[in-house]
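Got chain A; can you put chain B on it based on the hints?
Read top to bottom, the protein sequences are chains A and B.
Residue numbers for the first sequence follow numbering that gives the first Met the number 0, so the first one is 0 and each next one is one higher.
Residue numbers for the second sequence follow numbering that gives the first Met the number 0, so the first one is 0 and each next one is one higher.
Read the hints as simulated data drawn from the structure, not as lab findings.
Worth double-checking, as some hints may not be accurate.
[Stated by the list, open to error] Where chain A lies over chain B, by a calculated footprint (3+ residues, C-beta under 8 Å): (1) 95–109; (2) 123–131; (3) 146–154; (4) 158–165; (5) 174–185; (6) 227–237; (7) 368–376.
[As the list claims (entries may be wrong)] With beta-carbon atoms standing in for the labels, derived distance ranges: (8) A:M0 <-> B:R220: 20 to 30 Å; (9) A:S25 <-> B:R85: 51 to 61 Å; (10) B:K1 <-> A:A211: 19 to 29 Å.
Where a beta carbon is used, it is the ideal one built from N, C-alpha and C, also for glycine.
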Amino acid sequence: MMHIHGHGSFVGPPVADVKAIKAEVSRYTRIHFRRANRFVLIALAGACRCVQGHDPAPATAIYLTTENGNLGDTETVLNQIFHKHEFPMPYNFINTMSNTASFYVAQSLGLPGRNVTFSSKQLSFERGLELAFCDMAMGGIQSALIGGADEACFSRDQFEAKFQLPYGQYEMVEGSSWLLLRRTAQGALGALRPPATFESAAAAAAWIGRQALPDTVHLSYGILPNAADRETIGQALADAVPMDYIAERGYFDSATACGVTHFLEQGATGCLVHVNKDFRDQLVLLVVEKY
Amino acid sequence: MKHQVYIRGKAVQCALGGDPERIMADMRQGRTRVAETPLDLIGLDYSRPYCRLPQQRVDTGQDGATYFNAILDDTIARAIADAGLRPEEVRQLPIFFGSTSIDIPIYEEDYRTQREVLSRTSSGYGNIAHEVGRRFDMRGPCYTFTTACTSSANGLLFAAGMIAQGMLARALVVGYDLYSHLGFYGFEALKLITPPPYRPFDRRRQGIIMGEGCGAVILDRQMPAPDAFACLGGANGCDTFSVTTHDPEGGRIAGVMTEALANAGVTPSRIAAVKAHATGSYHNDQTECNGLRQVFGGQMPPVTGLKPYIGHTVGACGVIELVLFSEAARNGFIPPMAGFEEPDEALGVTPLTQSLAVSGGIFLLNYFGFGGNCVSLVIGNGR
Numbered sequence: 000m001m002h003i004h005g006h007g008s009f010v011g012p013p014v015a016d017v018k019a020i021k022a023e024v025s026r027y028t029r030i031h032f033r034r035a036n037r038f039v040l041i042a043l044a045g046a047c048r049c050v051q052g053h054d055p056a057p058a059t060a061i062y063l064t065t066e067n068g069n070l071g072d073t074e075t076v077l078n079q080i081f082h083k084h085e086f087p088m089p090y091n092f093i094n095t096m097s098n099t100a101s102f103y104v105a106q107s108l109g110l111p112g113r114n115v116t117f118s119s120k121q122l123s124f125e126r127g128l129e130l131a132f133c134d135m136a137m138g139g140i141q142s143a144l145i146g147g148a149d150e151a152c153f154s155r156d157q158f159e160a161k162f163q164l165p166y167g168q169y170e171m172v173e174g175s176s177w178l179l180l181r182r183t184a185q186g187a188l189g190a191l192r193p194p195a196t197f198e199s200a201a202a203a204a205a206w207i208g209r210q211a212l213p214d215t216v217h218l219s220y221g222i223l224p225n226a227a228d229r230e231t232i233g234q235a236l237a238d239a240v241p242m243d244y245i246a247e248r249g250y251f252d253s254a255t256a257c258g259v260t261h262f263l264e265q266g267a268t269g270c271l272v273h274v275n276k277d278f279r280d281q282l283v284l285l286v287v288e289k290y
Numbered sequence: 000m001k002h003q004v005y006i007r008g009k010a011v012q013c014a015l016g017g018d019p020e021r022i023m024a025d026m027r028q029g030r031t032r033v034a035e036t037p038l039d040l041i042g043l044d045y046s047r048p049y050c051r052l053p054q055q056r057v058d059t060g061q062d063g064a065t066y067f068n069a070i071l072d073d074t075i076a077r078a079i080a081d082a083g084l085r086p087e088e089v090r091q092l093p094i095f096f097g098s099t100s101i102d103i104p105i106y107e108e109d110y111r112t113q114r115e116v117l118s119r120t121s122s123g124y125g126n127i128a129h130e131v132g133r134r135f136d137m138r139g140p141c142y143t144f145t146t147a148c149t150s151s152a153n154g155l156l157f158a159a160g161m162i163a164q165g166m167l168a169r170a171l172v173v174g175y176d177l178y179s180h181l182g183f184y185g186f187e188a189l190k191l192i193t194p195p196p197y198r199p200f201d202r203r204r205q206g207i208i209m210g211e212g213c214g215a216v217i218l219d220r221q222m223p224a225p226d227a228f229a230c231l232g233g234a235n236g237c238d239t240f241s242v243t244t245h246d247p248e249g250g251r252i253a254g255v256m257t258e259a260l261a262n263a264g265v266t267p268s269r270i271a272a273v274k275a276h277a278t279g280s281y282h283n284d285q286t287e288c289n290g291l292r293q294v295f296g297g298q299m300p301p302v303t304g305l306k307p308y309i310g311h312t313v314g315a316c317g318v319i320e321l322v323l324f325s326e327a328a329r330n331g332f333i334p335p336m337a338g339f340e341e342p343d344e345a346l347g348v349t350p351l352t353q354s355l356a357v358s359g360g361i362f363l364l365n366y367f368g369f370g371g372n373c374v375s376l377v378i379g380n381g382r
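Chain A extracted, bound-state conformation (with noise of 0.2 Å):
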């Protein structure tokens, strides 16, 4: 078990000036981005509004999860290459490794551990959290920051071909969503336990009728679990309040990080359950409760 000490979120619509979320940022350190770029300014200013107020001990281990990383910058570094026919520009090129965005959480928060840059498609965010129990568990951490961040799918091409999903469907947003996480329980205000994974929602839906969950349970799916695996699970929480949290707040591939901090930010009681899928078929389940 990780207790939640902290949560925050910087999340909507894309705009075309990254000028506002450098303002954003500014609210909270005095570090001057000059080089930062879409990616690195959108995971800063989710961690920051996350750790406001909470002064995470130095050693707090940072998990930037995401699934396309620097895209803009990458396309950048490329066009210069093989259109312009120049050298990249060295801010440019630093930037196309997405690690340089969990670095500069680490520089303005102060915090010099672990820190990892880290994908696994659709389910990145779920995978990492296993990153931090491991961690945890190894008593190598006593915190951990934990975020989602990924910029807005522009492309109705490659949403459609990737998900077989109809891309109007969707409000395609960008930015980042944070957990601060702690051994301890004192002063938290929530849970997660491991996330457990399945190879069919039948499994899942067993998995779930052994648990001890609160009398309130809150439901939630990523984009991939299709209509059986709903019929499925909702069999098995039958009384679950339901949470879309991507009809609410919109999508983004690290949309997990996002649909767990709404629930927070929510003043329901009780856990939520988000059930989530690869394309793989993998499920994994993730429960998260609200003290």
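Frame of chain A, contents of chain B only:
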């Protein structure tokens, strides 16, 4: 750690090829393979060295994706065979994948005629590992690390940690970076690439020579052989000094090495040799040596580096250099720092200039990268 974690199987494909015996023979002889690579895409009339794979895509007639997957799959298949995994063990394997370039080598050639290819066609950082899972029918979870030059070292660290904690029985860990124009032109833009010879820790060092390659290991709780290497511990930390360079004093680097040793439960005096990150860039080598001196003081163990043999394989170097180093040690030697001639008094560290005979021991492996990322691993075998 609750469980011991062993290297059960391994394979590599690098500038010295993929045959372990030939690679070891080349390393004993100090042989390297460097190809001059032109910068003609931006109209320059000079070239820079690069440690390319012996067989290039143009030799195979394959398209970018087929070539990319062929090298990756061949390396993984050989690691599985080396480990002697049964089909049901393969099916359960989780995949830890580390890379700097991820899928860019597949797509970037299309930029000659198109724009925004990546935004329209890339399936995300996690896709390579997921596709490996699909092709090999591996049903375990996938973990993709993108932390610049420490990417696959982080894969090793976390895979070993999860096995040690009992969260996994075994794991496939892959480090893979093929040549990419983005990386080659990017490093040249930073003026980090040196003409030959490649000589990290030398007073006349002038920078790095890049390399491409793929390494794969199977980590397992079960000891496969008496002389098998075990992952004893490790650490990861972030040096927040600068996004491009670590603190020249080496304080955070020293801290990560110290944390790794403590995590492994060994004192500095038990380290038989250090595989330094040793990129050959003026500042990186200075920083690493400052860190090494803080950890080991006057009791500096033998220090070597492997990049002069195969180039700096960026995110793949974590696994590739683990494979080469452990295989050399199993064969009874620690290779010298090829190319090194003249000590730099400012570094205070003189690397091995001749092979060191060993029969087992505990070793420290360093990896550092952009974004302040630092990883140190401790491995050992008891022969």
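Hint-by-hint comparison with the structure:
1. 95–109: This one holds; 3 residues, not fewer than the three required, reach chain A with a Cβ under 8 Å.
2. 123–131: n = 6 at 8 Å, threshold three: holds.
3. 146–154: Since 3 is at least three, the answer is holds.
4. 158–165: Coverage by chain A holds for the region 158–165 of chain B (4 residues, Cβ < 8 Å).
5. 174–185: Coverage by chain A holds for the region 174–185 of chain B (4 residues, Cβ < 8 Å).
6. 227–237: holds (count 4)
7. 368–376: holds (count 5)
8. A:M0 <-> B:R220: 20 to 30 Å: Once the Cβ atoms are compared, 25 Å apart, the range 20 to 30 Å for R220 of chain B and M0 of chain A holds.
9. A:S25 <-> B:R85: 51 to 61 Å: holds, 57 Å
10. B:K1 <-> A:A211: 19 to 29 Å: At roughly 26 Å between Cβ atoms, A211 of chain A and K1 of chain B fall inside 19 to 29 Å, so the hint holds.
Going down the numbered hints, you'll see the structure goes against none, and every one checks out.
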